[in-house]
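Asks: Throw the hints in and build the complete structure from the sequences for me.
Protein chains in written order, with my numbering: chain A, 1 to 160; chain B, 1001 to 1778.
Among these hints, one or two may not hold up.
Said to hold, decoys possible - Selected chain B positions facing chain A (in silico; Cβ < 7 angstroms):
(1) L1021
(2) G1024
(3) Q1700
Stated by the list, open to error - If you want the footprint, here are the derived chain B segments under chain A, 3+ residues with CB under 8 angstroms:
(4) 1185-1192
(5) 1674-1684
Said to hold, decoys possible - Dumping the calculated EDC-like pairs for lysine to aspartate or glutamate here, alpha-carbon to alpha-carbon at most 16 angstroms:
(6) K147/A - D1704/B
(7) K24/A - D1118/B
(8) K1101/B - E1076/B
No wet-lab data here; the hints were simulated from the structure.
Cβ coordinates follow ideal geometry from the N, Cα and C atoms, glycine included.
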Amino acid sequence: MTERIEICLDINSKVYRVTIEPRKTLADVIREDCGQTGTHLGCEHGVCGACTVLIDGEPVRSCLIFAVQAQKNKIRTVEGLQSEEKLHPMQESFIRNHALQCGFCTPGFLMLAVGILEKRPNIEDGELLEVLSSNLCRCTGYENIVKAVRAAATEMRQRK
Amino acid sequence: MIGSRKPGIGASVTRIEDRPLVTGHGRFAGDVSFPRQLHMRLVRSSHAHGKLNSVDVTDAMSIRGVVAVWTAKDIEDLPPIDFREGAIEKLAAFRQPVLVKSRVRYVGEPVAAVFAEDPYVAEDAADLIVVNVDELPPVVDAAEAATEFTLGLSTEPTVCRQGYGDVEAAFRAAELTVELDLSIGRHSGVPLETRGAIGRYDASKDVLELHGAAKVPHRNRELLARMLGRSLAGIHLFEGHVGGGFGVRGEIYPEDILVLVAAMRLGRPIKWIEDRREHMIAANHSRQQRHKIRAGVDREGRLIAIDNEFFHDQGAYIRTHGTRVADTACGMLPGPYHLPNYRVNGHFRLTNKTPAATYRSPGRYETNFVRERLMDAIAAKLGISRVEVRRRNLIGKGEMPFKRPLVALGDDVVLDSGDYEQLLDKALARCRWEDLERDVASRRKAGEFVGLGIAMYVEKSGLGPTDGARVNVHTSGDVEVITGGASMGQGFETVIAQVCAEKLSIDYRKVRVVHGRTDRIEYGVGAHATRATVMTANATFVAADKVRMKALDVAAQLMQAEVQHLDIIDGNVVRTDIPSEATISLAEIAHHLRPASPTRGDRDPGLVAEGWFTTDHMTYPYGVQIAVVNIDSGTGQVHVEKVLIAYDIGRAINPMLVRGQLVGGFVQGLGGALFEEFQYDERGQPLSVTFADYLLPTVQEVPDIDILLTEDAPSTCNPLGIKGAGEGGIAAVGAVIASAVDDALGSIGSITQLPITPQKLKAMLDKHNRNGMTREQS
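Replies: Structure below.
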């Protein structure tokens, strides 16, 4: 076992002080040490995107970086999307459009979609599909995910 | 309709499951943890076949944090993983041991288990275990001659046979014989959540718990109790959220047994979470079959006989299902067509690959491909259209119920209801078939490799015989439905809530649906074989009706009215005979039925009732799939442009969810048709162990999918008239895509194998180009 070190992570504007092995991935630390289990692990080799979180606004595969690399950044996970009881328009849109079945890939898709639309609210549709093709879903056939993201994009633009 | 709040059956309401799942509050297997838990990591065979000489665990044991390492000799008292149906003498020798005893039989087979304080440490230790194997030649092709599994036992444990009529005589009388050699590749469900199992032993109550259960918790409880020699009362299964099932999740695997036994013997909870590479080599594979099929037809193209010899690649062991996939293939192959004479021999073969079992639409994805290839070939040989040849063979509406002398899932095949020709006509009209044909023809003239495909199929759903549910109205007015069902994301809770809400005239969002808990209800069918909605919804309907009658009985007494003059509207009992302001809520009635309530009378306490539903036979939904594809002649890549799924569901409880099942199933099926394949080299080494070499469809591969959902043939097997949707989307994808690609190729070549990869198509096109021919000339 390697030596443990103490680090601080800023997740959804809350600071977590944890003692971990430096080799531990960000995803594992978010889930196990910070107790935020909404971020899921589907492949642990950076393909499925279930573990997508936002780091300083950028969608990132949290299975592919070490927690120690994210000490100076602002991390956002699915648990931080809603404000108190009110759901984020993307969450609402996923429910309304039946964009989830088992829900395992959902947090990753939500973070990916919110991340891209916050940066580029007017992203062209073809490019949006290209971005969404970076995550995998095995239940929905994607149709309703695309529908939900498009609808939420419109709403997010109007709210600005 | 979507998003409307009409409570009951037929409304496309949003799901009650969704809020925790979009807010990160789901509880999947990986999210389950107990204090003082240990983490398990398996050492797996890296040889496909060999004699196990030794397992050296010395270095692993020396690592700080490692509590135990087990090999087969530490669990010698455990039996192999048993069949869920109980003992099957003939197949018993082919069951998988929990850990390898003397011979490794596939890459990925569990050889040793490490238990450690931390999952990273468990993995470190597993890497230090030295497994010494003398390699033996592996069997990788199920269609080659059978060899020896072990002393005196062949790699062909059984041949699955079904049939009727005089096949030989029929072939002699046939005008034309069509023969095909067709193969379906090895692929599987591959849910986004890998498997997980958490074992926990509560010594204070002598209860063993398995968390991370799925699919069939009640049936698995019986299997586990039998294997571990425990009473049913001493073992419980708990299903949390399940990240996709598709047949592979919720089976009993070596890992499930290990976490349970270790929890008892090591005295601490044991957590095991599979990684993706493990999933690709250890969870059930499926589908791989090779069919050598022959059909005799008359001069109009009517089937007179089918003779089919197929080879089922089972992999290294026979798992919990026994021979079910091959049996289902035998029983379901004829599909929607008349078939006077039929013979099928399914060679059930063991190979040195990951064991196989069910994957969504088992035995039908394969045989729909086989049968529909045959129909296209008959049409081509006789020069009649692909639609016409199908139409001429369809079983008619007037022939329902149609009994076939065949068996599927242990059930005599009786097609309960259906108007296949009507659905064909509706589908052709919906997609404007003739326009599509014209369009495809003109694009071909312009040089595009574009094709149109069609497939017809019969699905099965609602496997019985019996399921029960308990409906309980609490004094708060909230309603709980306790079921033995299971949920892998299909919307089970919402559907059951809608059925209950319809009967009690309440808001479906006030209904809590309990599932996957063996400690809450004694029996349950779980969720497999597209049975959850059919069986559990009907049981819920019966239970809710009893609750309704009990509520009206109490209300009649309190309101001094006759029961027949009362109704429930929005959760309140009201009078229907006279204008009256007087109402009484279900919550109040529940209050009157408390054990100590003086108004209860001699009724049993509680506004609660149990309902049972029993059926003799499965119910058979049916469909037509149509697809337009375009082949990139430069790369051989198939682009699916447009798809229609026409499907008769009998009666839809929530059309939005049915549509979700059909679209989701279709896209999943595209994987096995075009992209997904577990490939092995000649030494039995798996070549598809990551998502970089086993390709799931992404958003980019999804065609424009139109759904035509009809309710023309309600099931005659249950009062609600419902049939299942879970497997209807995926069942004919291989069939329809092959038909369309074949059409695009014209006479360049024909499709006899799934998946249809760019490499194979490119080779066909290149060969054709080298010969310097255009499609029309060839």
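Asks: Hints first: check each against the structure and report whether it holds.
Replies: Each hint tested on the structure:
| no. | hint | verdict |
| --- | --- | --- |
| 1 | L1021 | 3 angstroms, holds |
| 2 | G1024 | 2 angstroms, holds |
| 3 | Q1700 | 4 angstroms, holds |
| 4 | 1185-1192 | holds (count 4) |
| 5 | 1674-1684 | violated (count 0) |
| 6 | K147/A - D1704/B | 12 angstroms, holds |
| 7 | K24/A - D1118/B | 11 angstroms, holds |
| 8 | K1101/B - E1076/B | 9 angstroms, holds |
Of the numbered hints stated above, the single one contradicted by the structure is hint 5.
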